[in-house]
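J.: Next come the chains, spelled out residue by residue.
There are 2 protein chains.
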Amino acid sequence: MKRSNRLVVLSEFFIENPRKHTQLPYFVELCQTTKSSISEDLDIIDSVLQSQGIGYLERTTGAGGGVKFIPKAKEEISNKFIDELIATLEDPSRILPGGYLYMTDILGDPKMIREIGRIFASRFADLDIDVIVTVATKGIPLAYAVASFLNVPVVIVRRDPKVTEGSSVSINYVSGSSRKIQTMVLPKRSFKEGSNVCIIDDFMKAGGTINGMVNLLAEFDAKVKAIGVLAEADDEEEDRVVDTYTSLIKITKLDMANKQIGIETGNYFNTNVEE
Amino acid sequence: MKRSNRLVVLSEFFIENPRKHTQLPYFVELCQTTKSSISEDLDIIDSVLQSQGIGYLERTTGAGGGVKFIPKAKEEISNKFIDELIATLEDPSRILPGGYLYMTDILGDPKMIREIGRIFASRFADLDIDVIVTVATKGIPLAYAVASFLNVPVVIVRRDPKVTEGSSVSINYVSGSSRKIQTMVLPKRSFKEGSNVCIIDDFMKAGGTINGMVNLLAEFDAKVKAIGVLAEADDEEEDRVVDTYTSLIKITKLDMANKQIGIETGNYFNTNVEE
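The listed protein sequences correspond, in order, to chains A and B.
According to UniProt numbering, the first sequence is numbered sequentially starting from 1.
According to UniProt numbering, the second sequence is numbered sequentially starting from 1.
Treat the hints with care, since some could be wrong.
Think about it this way: if two alpha-carbon atoms lie no more than 25 Å apart in a straight line, the pair counts; the simulated DSS-like pairs of lysine-lysine are [what the hints assert, rightly or not]:
hint : chain 1 : residue 1 : chain 2 : residue 2
1    : A       : Lys20     : B       : Lys72
2    : B       : Lys111    : A       : Lys111
3    : B       : Lys250    : B       : Lys205
4    : B       : Lys259    : B       : Lys205
5    : B       : Lys111    : A       : Lys162
Derived from the structure by calculation, the hints contain no laboratory data.
The shape of chain A in the complex, shown without the other chains (with noise of 0.2 Å):
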């Protein structure tokens, strides 16, 4: 195969296959070459994927050594998408009865959902994440998206057990912002103990069902190491019960009468923010 093609079928394949591990000889039978060429191919797909900020080859040398794509979102890339997504949230026809920010439209746009997923898993790149955990339902594509980008799988709390799904370990917990009780259920052969975990969620007031997901998952044993939020809706009156997490959007203002929506960068953009 000539270099030209085989640029193509490489990009395509990292592309594809963001975090896996891949040893050279693979390519050089993908691709009918040797390995030196393959190995003058990756310099030149690393340095376009660097310069055009959309991630980076990590290779590693000796027995079993080989090459992997992490995709890292450059900062003023994803700066300039939340900026956007702000401008687009904002327009005052989304507020909704009960204080609520009409966004299903947002998380229904694939695109929007897959750069989301990317800016957080920029962030999380190093944390040895194992798996994404998220609530049903609207957190679900999301978590998807940042899974993809990371390459683990995803698993899906619900709050009613399903028979498909075998026997699951339960748990009640007071509802943040409704001060309601309510269940969450995950099935047990859900993830390993001891797993890395990642929560994942669409939108976090009080943080009362995110920490119910936390105190959940403490009962696999898991260890939360990042929590991850699009939005954050920013309440004063209320104690929020969660305090280490990242937001993209924090939403400061819903005024229903005057019509009137505040929303800033979430703590993703802070320079100096603790996690």
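Mind docking chain B on chain A? Use the hints.
T.: Relative to chain A, chain B alone:
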């Protein structure tokens, strides 16, 4: 930018933006090169995508002309993927009480989900789909995967109305397998009337849930152009209420007493199938 670099940039662009119509001047600007060089790059990429069974570039000339990457899974690759999936699912430890098959791990694997999405999107590529519709919860990741390849949004039908989605339309329907009356809800601002819809779900037995969705979509004057289910259950005792659908696998036997599972390829792989 040199050809080798351009090929990486362009390949990444197409893989990340399936079915997005882009005019050549965009690439000329992006790569700081000439239109004729871009044209040659596109020839190379198109031929590699085709030979690798990933898809092809659709090019249009004239004013407003441009290029679009159409993902198309090669038949041999899809067949091999489904054969492996069937082999994985035929493990007797997957039989759950009540005659269900444990598939949660498969549905939790973003790479698997993406491949399944690619297979459906290849079949439904020419149907001018405007939106993918699924029902919470298990079909959601599949729906997003199909949507990402078709470059269309996802709308999720819920079983309970959510205050964060505004006013909604609901219908009651009889679940095929349990014969219970259930409710389905779709927010009013989900999509435009008269849209071309593709329904995606993980599992279909008698088809009551999908039939419910079809009826609910009728309230939006939507045209259901395709129905795709990952697994259908071969249920001779019941009359199927949905008869035009595309399935990837068919569960023919789930014998709990003898720990036997029988799975075949679905009608997607039939040569003379009415869809």
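J.: Would you mind confirming whether the straight-line C-alpha gap from B/Lys111 to A/Lys162 stays at or under 25 Å?
T.: Given pair B/Lys111, A/Lys162 holds - Cα atoms ~24 Å apart, limit 25 Å.
J.: What's the verdict on A/Lys20 and B/Lys72, does the C-alpha distance respect the 25 Å limit or exceed it?
T.: Holds - the C-alpha atoms of B/Lys72 and A/Lys20 are around 23 Å apart, at most 25 Å.
J.: Straight-line Cα separation of B/Lys250 and B/Lys205 no greater than 25 Å?
T.: This hinted pair holds, its Cα atoms lying about 10 Å apart.
J.: CA of B/Lys259 to CA of B/Lys205, is that 25 Å or under?
T.: holds (20 Å)
J.: Would the pair B/Lys111 and A/Lys111 pass a check requiring their Cα atoms to be no farther apart than 25 Å?
T.: Answer holds: B/Lys111 to A/Lys111 is near 17 Å, not above 25 Å.
The structure agrees with every numbered hint stated previously.
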